[in-house]
Amino acid sequence: MHISEGILHGPTLAAGFVGAGLIAAATMRNMDMEEIPKISVITSVFFVASLIKVPIGPSSVHLILNGLAAVVLGWRAFPAILLAIILQAIIFGHGGVTVIGVNAVMLGGGALVAYMVWQQRHRFPNMKRREFVFGALAGATATISSGIVLALALVTTGEAFAGVALAVLAAHIPIMLIEGAVVGACADFLQRVKPEVLAGQSTRADRG
Amino acid sequence: MALDIDRYAHLGSPIQRWDPRFKIAALLLLILAIALLKTLPMAAAALTVAIVILLIAALPMHFVWHGMTFILVFLIPFFIVMPLTYPGEAAFRVLGLPFALEGLRLAALIFMKALSIVMISFAMFGSSRFDVSMLALQHLKCPRVLVQMLLFTYRYTFVFLDEMERMYTSMQARGFIARTDRRTLRVIGHFVGTLLVHSFERTERIYKAMLSKGYQGELHSMVRFHSHTSDFIKAAVVLVLALALAIADMSGHFSLAEQAWF
Numbered sequence: 001m002h003i004s005e006g007i008l009h010g011p012t013l014a015a016g017f018v019g020a021g022l023i024a025a026a027t028m029r030n031m032d033m034e035e036i037p038k039i040s041v042i043t044s045v046f047f048v049a050s051l052i053k054v055p056i057g058p059s060s061v062h063l064i065l066n067g068l069a070a071v072v073l074g075w076r077a078f079p080a081i082l083l084a085i086i087l088q089a090i091i092f093g094h095g096g097v098t099v100i101g102v103n104a105v106m107l108g109g110g111a112l113v114a115y116m117v118w119q120q121r122h123r124f125p126n127m128k129r130r131e132f133v134f135g136a137l138a139g140a141t142a143t144i145s146s147g148i149v150l151a152l153a154l155v156t157t158g159e160a161f162a163g164v165a166l167a168v169l170a171a172h173i174p175i176m177l178i179e180g181a182v183v184g185a186c187a188d189f190l191q192r193v194k195p196e197v198l199a200g201q202s203t204r205a206d207r208g
Numbered sequence: 001m002a003l004d005i006d007r008y009a010h011l012g013s014p015i016q017r018w019d020p021r022f023k024i025a026a027l028l029l030l031i032l033a034i035a036l037l038k039t040l041p042m043a044a045a046a047l048t049v050a051i052v053i054l055l056i057a058a059l060p061m062h063f064v065w066h067g068m069t070f071i072l073v074f075l076i077p078f079f080i081v082m083p084l085t086y087p088g089e090a091a092f093r094v095l096g097l098p099f100a101l102e103g104l105r106l107a108a109l110i111f112m113k114a115l116s117i118v119m120i121s122f123a124m125f126g127s128s129r130f131d132v133s134m135l136a137l138q139h140l141k142c143p144r145v146l147v148q149m150l151l152f153t154y155r156y157t158f159v160f161l162d163e164m165e166r167m168y169t170s171m172q173a174r175g176f177i178a179r180t181d182r183r184t185l186r187v188i189g190h191f192v193g194t195l196l197v198h199s200f201e202r203t204e205r206i207y208k209a210m211l212s213k214g215y216q217g218e219l220h221s222m223v224r225f226h227s228h229t230s231d232f233i234k235a236a237v238v239l240v241l242a243l244a245l246a247i248a249d250m251s252g253h254f255s256l257a258e259q260a261w262f
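Those protein sequences? They're chains A and B, same order as listed. Here the working numbering is used: position 128 in the first sequence is 128, and no number is missing along the way. Here the working numbering is used: position 187 in the second sequence is 187, and no number is missing along the way.
For the record, the hints were derived by calculation from the structure and aren't laboratory data. Watch out, some of these pointers could steer you wrong.
What the hints assert, rightly or not - Simulated crosslink set (DSS-like; lysine-lysine; CA at most 27 Å straight-line):
{"hint": "1", "chain 1": "A", "residue 1": "K38", "chain 2": "B", "residue 2": "K208"}
{"hint": "2", "chain 1": "A", "residue 1": "K38", "chain 2": "A", "residue 2": "K53"}
{"hint": "3", "chain 1": "A", "residue 1": "K38", "chain 2": "A", "residue 2": "K194"}
{"hint": "4", "chain 1": "A", "residue 1": "K194", "chain 2": "A", "residue 2": "K53"}
{"hint": "5", "chain 1": "A", "residue 1": "K194", "chain 2": "A", "residue 2": "K128"}
{"hint": "6", "chain 1": "B", "residue 1": "K213", "chain 2": "A", "residue 2": "K38"}
{"hint": "7", "chain 1": "B", "residue 1": "K208", "chain 2": "A", "residue 2": "K194"}
{"hint": "8", "chain 1": "A", "residue 1": "K38", "chain 2": "B", "residue 2": "K141"}
Said to hold, decoys possible - Here are a few chain A residues that sit away from chain B, every Cβ distance over 12 Å (derived from the structure):
{"hint": "9", "residue": "K53"}
{"hint": "10", "residue": "L68"}
{"hint": "11", "residue": "H122"}
{"hint": "12", "residue": "L137"}
{"hint": "13", "residue": "L152"}
{"hint": "14", "residue": "Q191"}
{"hint": "15", "residue": "G200"}
Where is the CB? At the ideal position from N, CA and C, for every residue including glycine.
Excised from the complex, chain A in its bound form (with noise of 0.2 Å):
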């Protein structure tokens, strides 16, 4: 889900550069020279994995694992996707230049409320599958907050978008479950496999 050039006025898009630019600086702070690859390899992993495609019926939606680069990055998630939505707009076109800082602050700021939902599962120690649970909850409240982000560009925009963005929040609904459970079951799944891959693990330092 982006918003693409054209719809949003000029104060809305400098307001997305500006937010982008302080969130990104803040979730940078104390990145030492070995995250950079790293942090910058990860990206493309989510770069490849949001282009595949979940049928539904006879469409199908791509994936977008804002929630799923908090799960793995915490903090960092939000450089990570900035990163993913530059490079998105300079190869297809889409999204497009001037909606960079909105997209990432859409996108990335939904990546910042997952990792705070995902931090919560150290509050529930002996709960059964809980990675899974916290992995679904990160996955759907990323998306939701990134829907709700659009809708609010889009109403700053003039009254005309209230119908687009209601349309837009409907159309977050089966995308939240969507990733919910993809999200959930990657989560899950690392945890089993190798469980230093996720982010804000109590056993080790804090990536964030």
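Let chain A serve as the given structure and place chain B on it in line with the hints.
Same frame as chain A, now just chain B:
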């Protein structure tokens, strides 16, 4: 899936020969001017400018068309949604639904602006090697860390795309068919998880290999930029066009897109 935006960077058109620093700076300003347009005639003028730039860049049609399909699929629904959801009095009814001309004009404005910007951005990034474009961005004061990360991400995108396609083929060979059910979603979740596990192991190796080659947090390039008078002239022409579009749009000679066609 075609990810190599710079596949035709070697063609010798005036856009390809343009110093990437000037090209990116000038075209980005033009894009900014187009993004802020509010009147239909100027949006149409912008679309004409974009088409001309794309023609000068001489990128093969099938390459450009492939890139355009993404944005067209996204934009066409606006022509249906906007007229039906535009608030206020509707001009007439279609099949019992209110159909507002204001909505149609707004959709046309969005369509022309978005299409022009995507075309220009194709001409911009399709006409230089990716690493050269990124280096030009760095010269234009884009943060070094960001440029370095974009280069890494772009480079490994191809590696993981290959890996993903290989894994998907083997999954299909074992009988996997994507359906609309929970099992498919679980399998896809595990599929992405496997991809992540592989990539984590790979990043360790990549980082060690880079350290052993002397990586200290900076990338070095053999690319050197040279600018000539022609680079300035091309940039000046584009800037004049951008200014002309912006000034004509704000001059009041044309009505806002929501109010009239002209």
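Right, here's what the structure says about each hint:
Of the supplied pair hints, the one linking K38/A and K208/B holds, its CA atoms being roughly 11 Å apart against a limit of 27 Å. Of the supplied pair hints, the one linking K38/A and K53/A holds, its CA atoms being roughly 26 Å apart against a limit of 27 Å. Annotation: proposed proximity of K38/A to K194/A holds, straight-line Cα distance about 17 Å (limit 27 Å). With a C-alpha separation of about 25 Å, the suggested pairing of K194/A with K53/A holds against the 27 Å cut-off.
Restraint check for K194/A and K128/A: satisfied, since their Cα atoms lie roughly 18 Å apart, inside the 27 Å limit. For the given pair, K213/B sits about 16 Å from K38/A by alpha-carbon distance, which is consistent with the 27 Å threshold. Between the alpha carbons of K208/B and K194/A the distance comes to roughly 20 Å, so the proposed pair stays at or under 27 Å and holds. For the given pair, K38/A sits about 24 Å from K141/B by alpha-carbon distance, which is consistent with the 27 Å threshold.
The Cβ of K53/A does not lie farther than 12 Å from every Cβ of chain B; its closest approach is about 8 Å, which violates its non-interface assignment. Residue-level check failed: L68/A sits 7 Å from the nearest beta carbon of chain B, not beyond 12 Å. Distance to chain B confirms H122/A as a non-interface residue, since its nearest Cβ pair spans about 21 Å, more than 12 Å. With a cut of 12 Å on Cβ distances, L137/A stays outside the contact zone with chain B, its closest approach being about 14 Å.
Against the 12 Å criterion, L152/A stays outside the reach of chain B, whose nearest CB is about 17 Å from its own CB. Q191/A, annotated as away from the interface, has a beta carbon of chain B within 12 Å; the closest lies near 9 Å. A cut-off of 12 Å between C-beta atoms confirms that G200/A is not in contact with chain B; the least separation is 16 Å.
Checked against the numbered hints given earlier, the structure breaks hints 9, 10, 14 and satisfies all the rest.
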